[in-house]
Amino acid sequence: MRHRSAFALLLLMILFAITPVEASLPPSTLEQAVKASFLFKFAPFVDWPPTALAAGERTFTICVAGGDPFGSVLDDVVRGQKIAGRSVAVRRLQAAGSAAGCRILFAGHSDDPGYAPFAALAGQPVLTVADRTGGPPGAMIEFVRQGGRVRFHIDDGAARANGLKISSKLLGLAISVNRK
Amino acid sequence: MTDAPDPSPDARLRARAIAAQMATPLTAVVIAICLLAAGLAFALQLERVGQSEKERQIMVQAQTLASGIAAPLAFEDHDALQEYLNALRADPQIVAAAAYDERGDFVAGYALSPARYPQRGLAAETKIVGNALTVAAPVMQGNTQLGSVYLQSSLDSWSRRLNRYLGIAVIVVMASLLIVILAGSYSSLSKAHQKLQEEIAIRQQAEEALRQSQKMEAMGQLTGGVAHDFNNLLMIASGGLDLMERTTDPAKLERLKAGIRQAVDRGAKLTQQLLAFSRRTPLKPEVIDLGKRVRGMDALLDRSLGEGIRVAMHLPGDLWPVEVDASELEVAVLNIALNARDAMVKGGVIVIEAANVEGAGPQGGDLVRLAITDTGTGIAPELVAKIFEPFFTTKGVGQGTGLGLSQVYGFARASGGEVQVDSLPGSGTTMTLLLPRSLRTPADSDAGADAVSASGRQRILLVEDDDNVAATVGAMLEELGYENKRVESGDAALNLLERDSAFSLILSDMIMPGEVSGIDLVRKIRQHWPAMPSMLMTGYSAAAASAAKEGVRLLSKPFSIQDLSVHIAAAVEGAAAE
Chain A
243 MRHRSAFALL LLMILFAITP VEASLPPSTL EQAVKASFLF KFAPFVDWPP TALAAGERTF
303 TICVAGGDPF GSVLDDVVRG QKIAGRSVAV RRLQAAGSAA GCRILFAGHS DDPGYAPFAA
363 LAGQPVLTVA DRTGGPPGAM IEFVRQGGRV RFHIDDGAAR ANGLKISSKL LGLAISVNRK
Chain B
21 MTDAPDPSPD ARLRARAIAA QMATPLTAVV IAICLLAAGL AFALQLERVG QSEKERQIMV
81 QAQTLASGIA APLAFEDHDA LQEYLNALRA DPQIVAAAAY DERGDFVAGY ALSPARYPQR
141 GLAAETKIVG NALTVAAPVM QGNTQLGSVY LQSSLDSWSR RLNRYLGIAV IVVMASLLIV
201 ILAGSYSSLS KAHQKLQEEI AIRQQAEEAL RQSQKMEAMG QLTGGVAHDF NNLLMIASGG
261 LDLMERTTDP AKLERLKAGI RQAVDRGAKL TQQLLAFSRR TPLKPEVIDL GKRVRGMDAL
321 LDRSLGEGIR VAMHLPGDLW PVEVDASELE VAVLNIALNA RDAMVKGGVI VIEAANVEGA
381 GPQGGDLVRL AITDTGTGIA PELVAKIFEP FFTTKGVGQG TGLGLSQVYG FARASGGEVQ
441 VDSLPGSGTT MTLLLPRSLR TPADSDAGAD AVSASGRQRI LLVEDDDNVA ATVGAMLEEL
501 GYENKRVESG DAALNLLERD SAFSLILSDM IMPGEVSGID LVRKIRQHWP AMPSMLMTGY
561 SAAAASAAKE GVRLLSKPFS IQDLSVHIAA AVEGAAAE
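Protein sequence lines correspond, in order, to chains A and B. In terms of this note's numbering, the first sequence is residues 243 to 422. In terms of this note's numbering, the second sequence is residues 21 to 598.
Source of the hints: derived by calculation from the structure; they are not laboratory data. Check each hint, because a few of them may be wrong.
Partial chain A-side listing against chain B, Cβ under 10 Å, derived [as the list claims (entries may be wrong)]:
#1 Phe-280
#2 Phe-282
#3 Phe-287
#4 Val-288
#5 Pro-291
#6 Phe-312
#7 Gln-323
#8 Val-386
#9 Ser-410
No farther apart than 20 Å at their CA atoms in a straight line, the calculated lysine to aspartate or glutamate pairs in the EDC-like style are these [what the hints assert, rightly or not]:
#10 Lys-505(B) x Asp-520(B)
#11 Lys-324(A) x Glu-122(B)
#12 Lys-411(A) x Asp-99(B)
#13 Lys-312(B) x Glu-327(B)
#14 Lys-411(A) x Asp-97(B)
Each residue gets a CB set at the ideal place from its N, CA and C atoms; glycine is no exception.
Pulled out of the complex, with its shape left as it was, chain B reads as follows (with noise of 0.2 Å):
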């Protein structure tokens, strides 16, 4: 995991999202002014059909008239005449109507001022000017035409025809202003949502950094105590060989060997266990099985906590299994074993314990039970409440950094557990860690087993860089009675296995001069002879984490030869297998 994530789909990420946000006002401005622009053709068309309706009308009033007046105009009855057009000023709308003979002639008719009528008939027509709307009708008998009628029609102003459509109008602006404004709320709220979204991002880098930095401040306590232990082993290691160059006594020899080799296995678990203490990874929530986890901690405590503290595990092995993420959990067991430690200042002894409890989690689930209990000085009951807060301490200056209990805590909760504290001032603490059962059976780490011997005869081709580690590897390949041919880079076992390829198996070392490394040897081995086993050797957990992501066997150093054996037949019986 690296802090700084790639910053290519991030920015990717931040386009899309403003381009996001530009749609959406966008999107309900086109909305809006297609909401006024289909407003306003529906107005239009209304107004439209509003006319011809109109024009029909005074058509039909004109031939009406027409009709009525054929025979008072053929035969001159003026008095009818003007009663058929007396009867049209009851409409109001009409402010002109006249008649003419067959000439074309005046013959009666009414005109409202400011409108005129022509003083000659016109042909049939219907006109509109300005707000006039103008009809000349024809008047027929028969087939033959008597005359014409002449009508005129005011239409409605534009200010009266625009009031008929205020009430639309103004509904459709409102839609449009109201759909505007959800956008706009709408874009803010996605706008908040996005920095609600990088705050969160940024929040979770910060704790991420947090969890690292507790797991750093518990190395810092560490690295006194292994510092200390590491020269006791260093000097057990020198002085008993120092000794084996003084004695020829083979009873005398036999036990400085093993004192070296116990100094050495000593050394070799505890740079493992810091190895995977200090590992830098997300939270990965793995089945384990609580005893044997703590157990495995034993030499990292008792370096840890120094002379005068013993520790007391009582772990039964029926223990059911738990999902955490394991290196958190060791780093939480040792931050409360550090804090008993520090509340035993004339020594005494941490009681590690573990039991199952059914149906005491929340929604009745089943709980295992992990209390470490010190006989130290106990916390004020003021300061229990304080004590997992970040960066609360009661040491001093350059002492403590107050991040131990927080990670406690921290590992509590991320795991759907909690932390209970039980102290009385004077007589001791308990630190009870509650974490929720799992249901599934937790993976079977690797069982120490004998070393196996060679079966048959296996050449092995070994990569490595460094003399040294490769004539002591080499030795304990002989050993186990394998052939063995070293080179020293990734480009010359290439070259090697372009002419000879009749190896069993490639052993190689992961980080190394050249062109190519370990991981790179392996994936190239893989494509040009698929049916050759390989294996990885590291002392390197990063490259080791992402070495094993590809599922590459690897060997971790330092490895001893039953380690080596075991591994060994493993990938060779695994490939004829296959």
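Okay, chain A solo, but in the shape it has when bound (with noise of 0.2 Å):
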């Protein structure tokens, strides 16, 4: 029943995103079930190597590093869920955690030094996303709030090198896309 109430408040959300009512909104709640939802809704537009997703894996991973801004909400959201035929699962990374597995990388703010998640995944097919402001740098899409909505902007340079393919469907919706 979670889920529902949280996709009632996206759906007002939606309602009402040009209205001010948003405002008064809690704004951070929103934000993040917006972002829970993107995150898993990228799968689809997204191609990766045949290679990334051998025959044997049962589920396709969705990871989750340093701090999460979802909660629950995530977990709500790819409950029942498929892509390409297999079922979803999130996955919490610990600090020092393996990315190994993961399709999905979101990394979250973390206050820890060190902290650079995406370090280690340069050459491999994982999609990694992370909010411009306050997240780790490096992502190839970055969440950025623009008018009071949740927009991106994607690097497809760096999927590329990657070896992900990111359709034109989606680049279309990109605020900026950078193809370098």
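Join the two chains, each given in its own frame, into one complex according to the hints.
Set out below in structure tokens:
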């Protein structure tokens, strides 16, 4: 039932996106709910190289590193969903945890000075996502707030360098795309 | 020939004609209905194809929309979503469009009143409700459903669709109408044709009747003269017999016998010509020798023209043959001669002459000319054109029917020839028959021959009911050297033949009392004793005609002993030759 209420909130947010009513709602919760939804919805618009999705793999794993801003919202979003025929799992990485098996990695805020969640993933087919403000740098997709709504920048160059192919539909929706 | 045709084939023909008349409109109606049905089926098929085309088109539109809005729907870019949806407004047929998220909740859309979009997203489907075609399609990205779209398109209303087929409908209906009208006119045409055929048949019957009455008219003219003539002949015969009883002088007896013989011969010839003359037959052209035929009419002409009129014939022997109805020719000659007689009140000479005319006919054909000239009062020029009209007569009431010369005209036309009139009032008239030459040779008529006696011992079975005739014929046969056995009827003849069939010839009368007539007897003999020749004697020409049709040998009564001997010899020899 919790995810229901979360979605009711999301719906409300969408319906009243342009109205000033939005301001009166608790911004962080809504924002995190939207981001959690987006995080999951990126998957259909991204092609992983065939090697990345091994035939034996039963789950499609979304990992969260650093501080988790979503809480249970993300779990609610992916529950019962499937990506490329696989059930979706959420894994929260410990500070020194390995990102092996992650397809999408969201890196939250961390006060740890040695925090560099994406450093170990160079060249690996993992879609990296982070907040532009407060998140670690170097993510392929960076969430921003614009006009009271959650939008994103895409570094398509980095994605391609890691063997990921992002759908032009998604690119078209981005605020900016780094194609370098 | 009988005047009343057999009614059963006639009725059958009429029934068939009615069936044929009915068949045409029926067929036309069936064709018209088929055409209408085909037109309807065509329109329905077109409609169905159009509808499925429309469904496909809307489905494609929905899928295009679904593909386009995948990202905006997923990432809640309502501006982009609305833009995609608004693009559909350009199509006036799309009256409602809506997008739903993956939960089935409405996200964006529009609807033109009175159309409405559902508040919840629908499963993929295509549905037609009334004039509305609704399509729901999922929004898929990869294998993930991100939501759904809904499109509603208005279909053409029935009246608009009907309007579209109005052209075809008009053409089809016109074509059907045309077919029915054509069939109707064809039917009435064939009805008219049938009526015409019936009228032609009636007309032919009337013409047949007219020809017969023309002949009877001539017969009537003859009767007076013939009766008078017969009385004279009978006078000679009975007077001669009286005188023979009173004398024993052989020379005188011989003279009287010769006179009686001559009178009887003339009588026989006269009745034969009368019978041939009055025969009721359809026009039956045969190739004849004109000269011989006209010469053969001498007795008839002499008797019918009466006292004071002499007939002079100039008929060359080398006349070309002509193909005409012989009895009609005789009637025509007689009719012309009777008119000539009536024109010569004080008596005179009628000249009958014939000649070949080379290349004078139509298309340069040869003709044979038969001219009959009198020295009578002639015909006034203004009447010349009228004399061939039926019922035109200058004679008093009760004296002429006006059919005589119309028969002449009809005969000439029917024979492919013509008739010409040259007349000078006060000095005479020449009637000329121009008949086309026939290239065929005339059939030989029986030439007179001497009596032929029996060769060897031959038995003849004589079947004759009349005792006097039987006695005479029996005496003739004996005279000719034939043995003969007489029975009185066909039945008796068959009974006798069962027991004793050693006869060279069966000579039978045609009309006899009892079950078996002469013709039946001949048929039975042919069946049971095919080798045995038979011959019929008759004085009745209608019966003779039917027998002749079956190829039965015929001997016309009265016959002379010479005739009898020749015919018997021919029959016996013919049978032996077979």
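Hint by hint, which ones does the structure fall short of?
Failing hints, ascending: 5, 6, 8 and 13.
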